[in-house]
Every structure is written in C-alpha cells, then in structure tokens.
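**Student:** Sequences and hints are given; from them, build the entire structure.
Residue numbers (UniProt numbering), protein chains in the order written: chain A, 1 to 787; chain B, 1 to 261.
Careful: at least some of the hints might be erroneous.
As the list claims (entries may be wrong) - Calculated lysine-lysine pairs in the DSSO-like style (CA-CA distance at most 30 Å, straight line): (1) K38(B) to K60(A); (2) K275(A) to K60(A); (3) K587(A) to K571(A); (4) K20(B) to K23(A); (5) K389(A) to K310(A); (6) K598(A) to K564(A).
Calculated from the structure, these hints are not laboratory results. As the structure is a prediction and not an experimental result, all values here were calculated from the model.
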Amino acid sequence: MPKDHGIGASSKRREDIRFLTGKGRYTDDINLPGQAHACFVRSQVAHGRLKGVDISAAQKMPGVIRVFTAIDLEGVGGLPCGWQVTDRHGNPMQEPGHPVLATGKVRHVGDPIAVVVAETPEQARDAAEAVQPDIEELPPVLDLRGALAEDAVKVHEELSSNLCYDWGFVENNREDVDKAIATAHHVTTLDLVNQRLIPNAMEPRVAIGDFNPATGDSTLYTTSQNPHVIRLLMGAFVLGIPEHKLRVVAPDVGGGFGSKIFHYAEEAFCTFAAKALGRPVKWTCQRSESFMSDAHGRDHVTKIELALDKNGRFLALRTQTHANMGAYLSTFAPSVPTWLHGTLMAGNYRTPLIYVNVKAVFTNTVPVDAYRGAGRPEATFQLERVIDKAAREMGIDPIELRRRNFVTEFPYATPVAVEYDTGDYHATMDKLVEIADFAGFEARRAKSAARGKLRGLGVNCYIEACGIAPSHLVGQLGARAGLYEAATVRVNATGGLVVMTGSHSHGQGHETSFAQVVADMIGLDENMVEIVHGDTANTPMGMGTYGSRSLAVGGSAIVRATEKIIAKAKKIAAHLMEAAPEDIELKNGAFSVAGTDKSVAWGDVTLAAYVPHNYPLEEIEPGLEETAFYDPNNFTFPAGAYACEVEVDPETGKVEVCSFVATDDFGTIVNPMIVDGQVHGGIAQGLGQALLERAVYDEYGQLLSGSYMDYAMPRADDLPSFTVDHSCQTPCTHNPLGVKGCGEAGAIGSPPALVNAVVDALNRGGYEHITHIDMPLTPSRVWAAMR
Amino acid sequence: MYSFDLDRPVTLEAALAALKAEDAQPLGGGQTLIPALKQRLAAPSRLVSLAAIPDLCGIDLEGETLTIGAATPHAMVAGQAGAYPALAALAGGIGDPAVRNRGTIGGSLANNDPSACYPAAVLGSGAVICTNIREIAADDFFEGMFATALEDGEIIIRVRFPVPQAACYRKFDHPASRFALAGAFVARFPGSVRVAITGVSEEGVFRWSEAEAALSARFAPDALEGVSLPPEGMIEDLHGSSAYRAHLAGVMTRRAVAAMV
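**Tutor:** Below, the structure written as structure tokens:
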C-alpha cells in the first residue's frame with residue numbers, strides 16, 4: 001500500500017496551488033515605490049578594445065536619471081570566482097578579472113559596457129540605444145584548440161595565454177594508464193563534442209536593488225538558487241557590504257537549472273546603483289538578452305580511449321578534453337570540467353586505471369558554468385558512448401559488457417578519488433530489462449521496418465555524485481566556500497511548525513517534501529509544517545540548491561534540527577507527566593510514558609514551552625526552536641540504467657523517440673510523485689540536448705542561435721511518455737534520511753541512451769560505418785551521416 | 001518596442017485612407033511584425049490594423065472556387081475550408097494555436113517568408129490574389145524572399161483558390177521555429193499538376209517544373225524517380241545544408257503524391 005502521508009507518500013505539491021493559479025510572487029512581480037529601471041548596453045562585437053563610451057546623447061534623453069560606465073563604479077570589485085583549480089604541475093589556474101562593466105576590452109557579444117537608469121523601462125531602453133561605445137574590433141578567439149596555439153590572440157592580455165588550466169587527474173596514474181592502453185588486447189577510441197547549451201529557465205533573470213538611507217541597509221531581490229551565497233559573494237567581494245547590512249531575497253523563482261546559482265553583474269549593479277541614486281533600481285532581462293548574458297552550459301570537445309582485455313574487462317581509460325570557459329570565469333566554472341567530471345569517469349564500473357586531462361580555455365563567448373548535471377553529463381556521455389562502441393567492435397552485447405564490469409561490492413573506492421557508499425547496478429539493470437521489454441524489441445523492429453523505419457535500442461548506465469558536498473573534501477579540491485546546509489525549526493506555542501531552510505526551491509517542491517519529513521518524524525499532519533526559504537533575513541545561512549543536494553544535505557539539516565526539537569520536547573513532556581525523559585515515547589504526535597497509559601499531546605508540550613507556568617525553568621530554557629548545520633561526510637551516489645527506443649526515418653534523418661525507460665536508485669524516496677516529475681523533467685532536458693539544442697557562434701563570434709527561432713527547445717510532442725521506476729533502493733549510508741538526490745539524473749542519463757539508440761538503429765539498418773554522431777542528432781545531421 | 005500610433009479601422013475605405021499617411025504600414029495578424037517590433041527591428045510610426053474589418057474576413061465557396069478574405073485567421077481556414085481539405089489541413093499545421101488564431105492569410109502572403117506554408121498553397125493552387133487595385137496571379141505575385149508584387153498602398157483583399165481535383169501539402173518542420181524546413185504543395189487539376197516548394201530556395205517559394213512535368217505525364221510517386229532539385233541556390237544554415245533541403249523537397253513532394261493516389 002502506498003503511504004498517504006509522511007515519508008514515502010505522493011503528497012500533492014502545495015506550492016502548485018499558487019504556481020498554477022497565477023498567485024506566485026516572482027521577482028518581476030515586485031515593484032518598489034519610486035523605483036527606477038536599468039537597461040544594459042551590451043557589446044555587439046565578440047572582441048574589441050573599448051576606447052571610450054560616449055554617453056552624452058543618452059544622458060539628455062527623456063526620463064534618464066543617470067548613465068553608468070565602468071568609471072562610475074569606483075570601489076566596486078570584480079565578480080569573484082568561487083573555485084580555484086590547481087593544474088597538473090601544481091600551479092593555480094589563470095584567473096582573469098571579471099569587471100561588472102567592461103573595462104579596456106569587450107570580450108563577448110553581450111558583455112555589459114554601460115547601464116542607463118531611467119524612469120521607465122522603455123526610456124532606459126531608448127537611451128541605451130543612444131550610448132555610443134568606441135570599439136576597435138579585434139579578431140575573436142572561438143576555436144578551442146586554436147585558442148591554445150602559440151600565436152593565438154589573447155582574450156585576456158594580462159594572462160600568459162588563453163589556457164585557464166591544464167588539469168591532470170589522477171596525475172600519478174598517467175604513465176600506468178598510457179602503458180595499459182599501449183599494451184591492451186583492444187582499445188576503443190571516440191572523438192566527440194558535448195555541445196554548448198543555453199539554459200532557458202522559464203523565468204528570465206531579474207534584479208532589484210534597494211537602499212534605505214535611514215538605516216544604511218541594502219536589499220537585493222533576485223532570481224537566485226542561493227540567496228546566502230549571493231549575499232556573501234556580492235557583499236564581501238564586490239560591494240564591500242557586511243552581511244548584517246545586506247539582505248538578499250530570492251522569492252518564487254521559475255527554474256534555474258544551474259544558471260541562477262552564479263553571481264551576475266546585474267545583481268551587483270542594481271544594489272550599487274540603488275545606493276548611488278537613492279532610489280530602488282530594477283532590471284528585468286529580456287529573453288534575447290538572456291541568451292547572451294546567462295551562463296551557458298557544457299561545451300566540451302573530448303577524445304576518450306577505453307582499453308579492454310579479450311573478455312571485455314575494462315583495463316584503463318584515458319580522456320582528453322578541451323573545456324570552454326567563455327570570456328570570464330563564472331562563479332563555479334572551473335569546478336565543472338574537473339571535480340564534477342573527472343571524479344565520475346569510473347562510472348558504474350571497475351576500471352582500475354583512469355587518467356583525465358582537461359584543458360580549460362578562454363574564448364570570446366558567453367561564460368560557461370554549471371548546467372543541470374554539470375560535468376557529470378559530460379562524463380557519462382563519453383563513457384557510455386565509448387562502452388557502446390567497444391561492445392559493437394568486440395561483438396559483445398552492450399548490456400553484457402556493462403554487467404561484466406559493474407562495481408558489485410560497496411563501499412568501492414574508485415581510482416578517481418571518490419568512494420561509492422552503496423549501490424546495486426545489476427538490480428537497476430535487471431529492472432530495466434524487465435520493464436523495457438527487450439525481448440519484444442525484434443518484433444517491434446520488424447513492424448517499424450514494414451513502415452520503412454529503422455528501429456534501434458540504446459541502453460546505458462549512469463552514476464552521479466550528488467548531495468554536494470563534504471566541505472572538508474571540496475576545500476581540498478579548490479572550493480572557496482563550505483557546502484554544508486542549515487535549518488531552523490521553530491515550533492509555535494499552539495504546535496504548528498515553521499522550518500527555515502538555507503536551501504531554495506525553484507521548482508523542486510521543497511515546501512511539500514520537507515514538510516513531509518518533519519511531519520513524519522513527529523507524527524503530525526503535514527499541514528502543520530510550513531517551509532520558509534529564499535530570504536537571508538529569516539533563514540539560517542545555507543548554501544542553496546544545486547547539485548541535487550537539497551534533500552540530502554538541506555533535508556539532513558532539517559532532520560538534525562527536528563531531532564533536537566524532539567529531544568527537548570521529550571524533556572518537557574517528562575516534566576509534565578512526572579516521568580524520566582528516557583521513558584518518554586513520541587508516537588503520532590503524542591508523548592507517552594513507556595509502559596503506562598499516561599500521555600500528553602504535542603500541543604500541550606509546545607504550549608508549556610511558551611507558557612511555562614508549570615516548567616522546569618532551572619533545567620530547560622523556555623521556547624521550542626532549534627537550529628542545525630549539517631555537513632555531509634561524503635557525496636551521495638545515485639545511479640541507474642536507462643533505455644531508449646527510436647525510429648529513424650531513413651529518407652529524412654528524423655529521429656522519433658518511441659519509448660524511454662528510466663530505472664533509478666535514489667535511495668530512500670520521500671515523495672515518489674515529485675521524484676517522478678524530477679526525472680521526467682531531467683529526461684526532457686537531456687533529450688533536448690541529444691536531439692535539438694545547440695548554441696552556435698559564427699566565425700565573428702555572433703550567436704546564431706540567439707532566439708527560439710534558431711535555438712530548438714524540446715516540446716511535449718518531441719517526447720514520448722516516459723516510464724520511470726525507482727523501486728530499486730539502496731539507501732545512502734551516511735545521511736539520516738538515506739536519500740541520494742534525483743534532480744539531475746534524467747539530464748545525465750538520457751543523452752547517451754538516445755545516441756546509442758540512433759547508432760544502433762543505423763547499424764541494424766545497414767549503415768555500419770556510423771559509429772557516432774555528435775549531438776544534437778538533428779535530422780540534417782543524421783541524414784548527412786547516412787550519406 | 002518603439003512607440004507608434006495604431007489605427008484600427010472597421011471599413012476598407014477607412015483603412016486605405018489611413019494607409020495614405022506618411023510611413024503608415026498595414027498590420028495583419030502581427031505574427032511576424034509584432035515580434036520584430038518587440039525586438040526593435042522595425043520602427044514604423046503608424047500601423048493600420050486590418051484585423052477589425054469584417055469585409056476582409058471570411059470564407060466563401062462558389063462552384064469550384066474558394067475565396068478567403070485576407071484577414072481570415074488560419075484557425076478559421078483550418079475549421080471552415082472543408083471544401084478544400086488540403087488547404088484546411090495546411091492552415092491547421094501553421095505554428096501553434098495562438099499563431100493560428102491571430103495570423104492571417106493576407107499577412108502571410110504579403111510577408112512572403114521563404115519558409116511560410118501559405119505561399120506554397122497559393123502558388124501550388126494557382127490562386128489569384130485580389131488587392132484593392134487589381135488581381136494578381138500567384139505566378140506573378142511572389143518575387144523572392146520577403147518580396148512580392150504588392151506596391152506601396154496596395155493591400156490584399158482576398159485570395160481566390162480554384163479547388164483542384166486533389167491536393168496535398170507535406171511539410172518537414174524546422175526543429176526550432178516549426179516553419180517549413182521544406183514543404184511541398186502538390187495540386188492536381190484536369191490535365192495539369194502544380195508543385196510548389198517552400199522553405200528551400202533562397203528565392204522563396206517556387207514551382208518545381210520538372211516534378212510538374214513528370215507528374216503530369218504520370219501521377220505516381222515513382223514518376224519522380226530521377227527527378228531531383230540541384231542544391232545550388234537552396235538555403236543553407238545551421239539547420240540544414242542546401243543539399244539536405246533540396247533532398248527534403250523531393251521527399252516531401254513524393255509523400256504528398258503518395259497521399260493523393
């Protein structure tokens with residue numbers, strides 16, 4: 001029987017009532033009295049020397065309050081990078097400055113040069129068109145390998161080259177890996193591109209700065225996944241405002257997918273300008289503006305080699321990747337191709353020797369940073385593609401080849417620095433085989449063939465490191481922040497609870513699932529628990545939501561705080577019933593004395609805490625409110641197996657996804673319906689990458705895919721109905737809930753399944769020469785491959 | 001969007017008078033112009049909406065001729081042009097419901113987007129475009145990408161379609177915009193076949209005369225064997241090479257024919 005409340009129940013998402021009835025309150029819904037409007041003047045060229053900015057005409061335009069350029073931002077620091085990678089020679093990465101407004105040079109189309117603040121958004125935009133930047137164009141740096149040539153033009157003159165870092169992992173494995181590959185029975189090699197993506201959250205970014213001259217307090221309303229991180233970064237590094245004078249509010253946020261983790265120039269500018277002008281300053285991003293100002297994702301060019309023995313056992317793996325950083329280092333950019341990518345190269349397999357080399361490169365393009373999955377999709381894609389290719393080359397069934405190499409004993413220390421605590425890869429594969437009806441594939445293929453279509457079946461596994469992250473570990477890896485999470489549980493006098501979390505919900509359903517956890521622990525109705533998030537003024541300092549961490553890390557902090565609440569409440573109950581605290585039991589929201597019929601209700605205890613007439617004040621403080629900080633001692637490792645069936649139209653190259661099955665092991669499940677939804681969304685996003693999406697720059701550095709007319713987002717009719725199963729559960733061993741995280745799995749696991757399926761269809765259809773097609777597998781690309 | 005004045009006349013006469021104002025520009029359903037305005041790619045000082053003129057909206061069947069008012073939205077054609085099923089189906093496949101409820105046939109033709117669907121139907125049917133000053137045969141109307149025979153101050157009033165014995169439109173969707181990456185409209189009349197291709201040529205919609213000749217001789221999909229379009233002059237962009245588009249035009253034509261026999 002499925003549960004109808006608490007942990008394991010598919011409770012309806014309480015936040016959907018406001019989201020689906022137009023009652024949400026997003027940043028753009030906030031309008032402050034006297035607010036002015038900002039419009040950014042952005043570079044229209046990819047690379048050039050900024051010799052001056054003529055603002056004289058713009059300043060005279062109607063409604064203009066002030067036009068800002070870099071010289072007006074005195075005392076404003078550059079945007080900080082939150083992660084320092086050390087290269088394979090032990091040197092720190094090259095870290096260029098990242099000014100809020102361009103100084104000296106413009107480095108990508110969209111680079112902000114000036115800002116007009118005016119009475120209305122239209123007036124700001126009119127005047128922005130009258131700002132005249134004087135730019136001497138320079139040749140743009142666009143090609144990743146070309147950027148590293150001796151004589152290449154430099155994106156940042158102050159650096160020695162366009163190389164951010166040359167990272168080797170694990171550097172000590174390098175020679176052994178080379179040797180193993182040189183002497184192996186079989187080596188499969190694959191060159192591939194993991195293309196650049198544009199995040200496209202439904203809600204574009206918005207920032208509103210506000211300053212109170214009476215108190216000296218600044219407030220920033222922003223579309224953020226992590227308001228505390230923005231307060232810390234912007235306050236400490238950019239504007240010099242201490243935390244107690246700066247409040248950051250991220251109200252309802254319409255999707256992030258990583259793009260709203262980072263601290264952006266517009267946030268700092270609006271906060272700065274509000275103080276400079278004595279008026280609130282609001283900026284709302286246009287959709288086309290977001291294409292050239294939100295951090296992009298992926299953009300790796302990779303060569304991978306897998307060495308196998310004659311039985312198909314993996315001996316060694318070597319990958320070389322060029323990763324595009326774009327023009328500047330976005331907040332967490334350096335960590336994505338390194339620690340979120342190299343550490344996952346073992347996948348679900350016992351490969352004893354692994355070496356990962358990554359060259360991160362500056363180019364005249366929009367900065368690239370974490371995007372749903374962040375490094376793990378890139379790792380999974382190359383690994384699961386090369387395994388499929390190896391299976392084909394060696395004549396081994398692709399599922400069998402994977403099974404032969406599965407990690408089966410846990411904990412398992414990989415050769416790439418992480419330890420998988422638990423998992424059962426055979427179980428998820430068994431489940432996949434059962435649900436996806438592989439036995440019936442041949443019959444389905446014959447039916448497709450009768451209609452002139454080529455049918456194929458693709459299978460792959462994935463593993464990801466979630467619950468980011470153990471601070472002690474990421475600190476060693478270059479993180480400049482701790483990655484714990486915090487929660488405060490406040491019990492009110494009449495028994496209702498308010499839980500304040502440092503996590504942030506922008507679609508994940510925290511308000512529902514976090515309430516389920518607390519209600520389950522105490523034995524109360526979920527509706528007695530309210531979740532508060534998104535405002536640094538009333539939540540404890542936590543690190544926000546990304547990396548599938550909210551339940552595993554934030555939820556664990558909530559569990560710890562609730563445990564403290566229960567412990568204290570038991571002491572109060574013991575006093576009320578004149579019993580020993582260790583004899584008190586809490587069940588279904590009532591306290592009883594073990595072995596007796598004595599009991600007091602939850603509300604009696606909470607009331608006693610706040611109306612302490614009969615209360616052991618010498619022993620216990622009144623009130624019932626507890627805070628906990630939780631720092632995990634390991635990542636979590638969700639894993640699973642995915643299958644995709646496609647039909648290819650050989651005349652047009654069009655791929656139709658016929659079915660998609662996902663079997664995931666997320667450990668304990670709090671709300672199965674929300675987990676289904678997270679996986680559905682992830683698969684849609686992954687198939688969007690596999691089939692449709694691609695950011696394309698031309699040779700001048702202009703973004704050709706700069707609108708939905710050319711950037712193809714997945715739509716409902718591009719996708720089949722997904723089959724999602726998460727009945728295989730090996731609970732995480734090191735967090736109190738046993739949860740692993742499910743937000744990114746679909747986006748990580750689905751691209752290789754789709755590409756494996758298309759290659760399978762083409763091979764079965766007689767196109768044996770096709771071993772790989774780079775994503776997105778658009779009709780024209782598939783057709784071209786068949787020619 | 002820049003500021004502009006908007007006229008919304010309810011009679012044709014008032015619209016034509018309003019269009020005489022300097023820099024005045026007609027506005028159909030706005031499905032191309034409004035996005036361009038929002039991106040500040042166009043800056044007309046005065047727009048004259050043609051959407052509120054009852055005389056410009058409606059579908060009328062007389063004998064074998066279907067006449068559609070220029071301001072008739074695609075959704076109405078999709079729902080009410082049952083006398084010409086291929087045309088109704090084409091209209092029902094344009095854009096999404098919002099586009100189909102606002103976009104008009106006259107607006108689409110006057111814009112002549114090289115990837116739009118309606119030009120293929122008009123050219124493939126050999127329709128007649130009736131304006132406020134003359135009648136223009138489809139063969140004389142389309143003059144290349146975004147270019148038509150319309151002169152300043154000339155607006156489309158209605159379009160007259162001869163209903164063919166059989167017709168079919170097959171479109172291969174552009175992955176992002178869902179315009180036609182390649183579309184073929186095939187219409188069979190007594191003694192002749194017309195084939196119009198959209199989405200493919202740098203010159204916009206065109207008649208594929210080799211295919212017409214082959215199909216006029218024998219109306220069957222395999223009559224098109226060995227008939228192909230050269231890639232020269234075809235659109236090439238990030239969504240497909242010129243060779244791919246030329247190839248797709250052939251596939252769509254063959255599929256249209258197959259659906260008709």
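**Student:** Each hint needs a verdict: does it hold in this structure or not?
**Tutor:** Tested hints:
1. K38(B) to K60(A): holds, 24 Å
2. K275(A) to K60(A): holds, 22 Å
3. K587(A) to K571(A): With a Cα-Cα distance of about 15 Å, the restraint between K587(A) and K571(A) holds, given a limit of 30 Å.
4. K20(B) to K23(A): Violated, at about 46 Å.
5. K389(A) to K310(A): Roughly 15 Å between the alpha carbons, so the hint for K389(A) and K310(A) holds.
6. K598(A) to K564(A): holds, 23 Å
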